[in-house]
Amino acid sequence: MIKLENVKKRYAERTVLDIPLLSIAQGEIVAFAGANGSGKTTLLRLLAGLIQADEGSAQLPAERLYMPQQCYAFRGDLVKNITLGGGDAAKARQLLEALELSALADKPARSLSGGELQRLALCRLLVRDCRVLLLDEPTAACDARGAELVLHAIQAYREAHDCAVLMTTHSPVLAAKGADRLIILNSGKPEADGEPREVLLHPATEWAKSFIAGWKIEC
Amino acid sequence: MIDSFRQAFELLFSFDKELWQIIGVTMRMSLLSTTISCLIGLPLGALLGTKQFKGKSLIKKTVHTLMGLPPVVAGLLVYTLFTHYGPFGSLNLLFTVEIMVIAQVILITPIVIGLSSSFIEGNSKPVIETARGLGLSRRKTAMLCLSEGRSSLLSVVLSAFGRSIAEVGAVSIVGGNIQWKTRVMTTAIMLETNKGKFSFALAMGMILLLIAFLVNALASFVVKEPAHD
Chain P
5 MIKLENVKKR
15 YAERTVLDIP
25 LLSIAQGEIV
35 AFAGANGSGK
45 TTLLRLLAGL
55 IQADEGSAQL
65 PAERLYMPQQ
75 CYAFRGDLVK
85 NITLGGGDAA
95 KARQLLEALE
105 LSALADKPAR
115 SLSGGELQRL
125 ALCRLLVRDC
135 RVLLLDEPTA
145 ACDARGAELV
155 LHAIQAYREA
165 HDCAVLMTTH
175 SPVLAAKGAD
185 RLIILNSGKP
195 EADGEPREVL
205 LHPATEWAKS
215 FIAGWKIEC
Chain H
24 MIDSFRQAFE
34 LLFSFDKELW
44 QIIGVTMRMS
54 LLSTTISCLI
64 GLPLGALLGT
74 KQFKGKSLIK
84 KTVHTLMGLP
94 PVVAGLLVYT
104 LFTHYGPFGS
114 LNLLFTVEIM
124 VIAQVILITP
134 IVIGLSSSFI
144 EGNSKPVIET
154 ARGLGLSRRK
164 TAMLCLSEGR
174 SSLLSVVLSA
184 FGRSIAEVGA
194 VSIVGGNIQW
204 KTRVMTTAIM
214 LETNKGKFSF
224 ALAMGMILLL
234 IAFLVNALAS
244 FVVKEPAHD
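Going down the list, the protein sequences come from chains P and H.
Under the working numbering, the first residue of the first sequence is numbered 5, with each subsequent residue one higher.
Under the working numbering, the first residue of the second sequence is numbered 24, with each subsequent residue one higher.
Wrong hints could be hidden among the right ones.
[Unchecked claim] Using 27 Å as the maximum straight-line C-alpha spacing, the simulated DSS-like pairs for lysine-lysine come out as follows:
| no. | chain 1 | residue 1 | chain 2 | residue 2 |
| --- | --- | --- | --- | --- |
| 1 | P | K111 | H | K79 |
| 2 | H | K204 | H | K79 |
| 3 | H | K40 | H | K220 |
| 4 | P | K181 | P | K12 |
| 5 | P | K12 | H | K148 |
| 6 | H | K163 | P | K95 |
[What the hints assert, rightly or not] Residues from chain H that keep clear of chain P, each with C-beta distances beyond 12 Å, as calculated:
| no. | residue |
| --- | --- |
| 7 | L116 |
| 8 | K148 |
| 9 | A165 |
| 10 | W203 |
[To be verified] Just a few of them, taken from the derived set where beta-carbon distance is under 10 Å, the chain H residues facing chain P:
| no. | residue |
| --- | --- |
| 11 | E41 |
| 12 | G47 |
| 13 | M50 |
| 14 | R51 |
| 15 | E152 |
| 16 | A154 |
| 17 | G156 |
| 18 | L157 |
| 19 | G158 |
| 20 | R186 |
I should point out that these hints are in silico values taken from the structure, not numbers from a laboratory.
Beta carbons: idealized from backbone N, C-alpha and C, even for Gly.
The shape of chain P in the complex, shown without the other chains (with noise of 0.2 Å):
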C-alpha cells in the first residue's frame, strides 16, 4: 500500500531521512520513534506531500490526511472546525462525543486547552475518509484519559476504514498499546522495526537499547 524506496531528504547539508526501504499494509498502524531530530515529523510531511524527497521514490495512495504537531483552533465553534475540510455536523458531533468534547461543542474552538485542541484536530481527520492516516504526536499534550480516548478513535477508524496510520509519538504506552508495528529511527534511518514489545523488549541495535532505556517502559 505505502512503500518508499532509497528515499532521502537532506535540509542544508544535514541528511535528515535515510530510508532505503519501508512498505506499510494496508491496514496497518504503525509507529515511528525516536530522539527529536530523528526524522520523524520530516517522514509524516514527506509522506502527506508537504515537502518533496530529493532521491528515492514513493508510493502512496491519494486519499491521505495529515494532522500537524501544532494543532490550530479556527475561528468558530467545535463542529466548524471538524467540517471545515468536509465532513456533515452529525458525524462530527458523534466524534465530540467519542472524545468526550460534546460538552464543548458550541464553545469556540479557541478556548480549548492544548489537549482538547489535539482531540480536536484528530476529529477532523476522522470525520473524512481516507486511505492513509498520518499523524504527528497525537497524544503529545492529552493527559492519560485524552490519550486512551484517542487511541481508541484511531483504531475504531482504522477499523471501519481499514486505512494504514501512520503515527509519530514519544510515549510507549502509545506505541505498545496502540500500534501493530513499532519502528525507530536514528538520525532519519530505521534503526529497529517490527512488533511492538518485541521492538521494546528486545532491541536490535545498542543505540535502539540505549533509547529505548530512555523511556523508562515496563511492558
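Start from chain P and add chain H according to the hints.
Relative to the frame of chain P, chain H by itself:
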C-alpha cells in the same frame, strides 16, 4: 487649545462648502490610494510571505527600504515623470487628484507589502500546514489564511490609510494645493499655518483626527472579533 476645539466643531457644523469639499477630496484620495495599494500590495505580500524563491532576500530589503521612502522624494519623482516635458506629460495629470493618488500609491504600496508579508510569514504557517494536511485546495487555503488573519490584515490596511490621509509632502508637490480642486486637509493645514492662523489650522487638524478615528471605528466594526475568537 479649547478655542481650537470650539472652532473645529463650529467649522464642521457650519457646513462650510469649502471645508466639506476639502474633506471630500481628502477622503476620495485616501480611500482610492489605499484601495489600489491594497489590491497590489496584499497579493504581493502573500507571495513574499509564503513562497521561497531566488532573490527573495533582496526583494524584502528593497521593500523595507521603500517603506521609508521620503514623501517629498516620491512627489518629486512623480512630478518629474508627469511634468509637461516628462515621459507622461501628455496625460496632463499634474495638479489633479488622480496624480495625488498615483504618488500615494507609490508611497503606500511598499508599506502594505512589507507589513502583510511579515504578518503572513509569521502567522499563516500553522493555518497552511493544517489546511494542506486536510487536502484543501490552494484557493480555500488562501481564503482561510485571509479569514484567520483578518484583524491583522485590517491593521495593515488602516496603517496604509493612516499614511495616506496624513501625507502632505508628495501631494503638495504633485497636487499644488489648488483651492476647490486639489486642496486636502493636510495641505490646507500647512497653508493656514503659513498664514499664521494657528488656531484654525489646529481645528482642521482635529477634524482630520476625527475622520481617521471614524474610519478606524467603522473598519473595526466591519471586521469585529467575537469574544474568544
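Tell me, in ascending order, the numbers of any earlier hints that this structure violates. 1, 2, 4, 8, 11, 12, 13, 14, 20
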